[in-house]
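Use the sequences and the hints to build the structure in full.
Mapping to the numbering used here: the sequence shown position 87 is 87, numbers consecutive.
You may find that some hints are simply not true.
Okay, derived cross-link-like pairs now, DSS-like style, lysine-lysine, Cα gap no bigger than 25 Å in a straight line [claimed, not checked]:
| # | residue 1 | residue 2 |
| --- | --- | --- |
| 1 | Lys76 | Lys62 |
| 2 | Lys67 | Lys48 |
| 3 | Lys53 | Lys67 |
Restraint-style ranges between C-beta atoms, simulated for each label pair [unchecked claim]:
| # | residue 1 | residue 2 | range |
| --- | --- | --- | --- |
| 4 | Glu33 | Tyr12 | 39 to 45 Å |
| 5 | Val52 | Phe20 | 47 to 53 Å |
| 6 | Lys53 | Ala21 | 44 to 50 Å |
| 7 | Leu61 | Asn40 | 27 to 33 Å |
| 8 | Ala21 | Arg41 | 40 to 46 Å |
| 9 | Leu47 | Val72 | 36 to 42 Å |
| 10 | Glu43 | Ile84 | 38 to 44 Å |
| 11 | Arg14 | Arg41 | 39 to 45 Å |
In short, the hints are calculated from the structure, not lab data. Don't be surprised by glycine CBs; every beta carbon is placed ideally from N, CA and C.
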Amino acid sequence: MTIIKPAAKESYARFLMLVFAIVLIGSLVYIFEYNSLVDNRFELKNLKAEIVKVEALNADLKNALYKTINPVLLEKEAAAASLILERNPEYLTENTWLSDSSY
Numbered sequence: 001m002t003i004i005k006p007a008a009k010e011s012y013a014r015f016l017m018l019v020f021a022i023v024l025i026g027s028l029v030y031i032f033e034y035n036s037l038v039d040n041r042f043e044l045k046n047l048k049a050e051i052v053k054v055e056a057l058n059a060d061l062k063n064a065l066y067k068t069i070n071p072v073l074l075e076k077e078a079a080a081a082s083l084i085l086e087r088n089p090e091y092l093t094e095n096t097w098l099s100d101s102s103y
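Below, the structure is given as structure tokens:
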């Protein structure tokens with residue numbers, strides 16, 4: 001007499017399907033995570049290159065600023081505009097304004 005156990009065969013099939021589904025889901029998650037890691041590395045590399053460019057531009061702007069505010073050049077510009085350097089400037093203070101009785 002042959003004994004057939006259909007319930008045992010069905011449990012093996014469910015187990016194998018479950019294992020296959022877990023492996024499939026795990027591999028898909030791994031692929032998506034790896035792709036996001038590669039994208040982040042690429043973006044980081046681009047941002048580092050952009051930082052280097054911005055630092056170079058910042059250095060160029062600082063050089064231009066220092067050339068613009070060079071005291072020798074400012075004195076030449078002042079002389080060209082007929083400006084003179086006041087050696088003993090008199091500053092307006094609150095006390096001098098209040099003590100002035102010409103009002």
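State the violated hints by number, sorted upward, taking the hints as numbered earlier in the document.
Hints 2, 4, 8 and 10 contradicted; others consistent.
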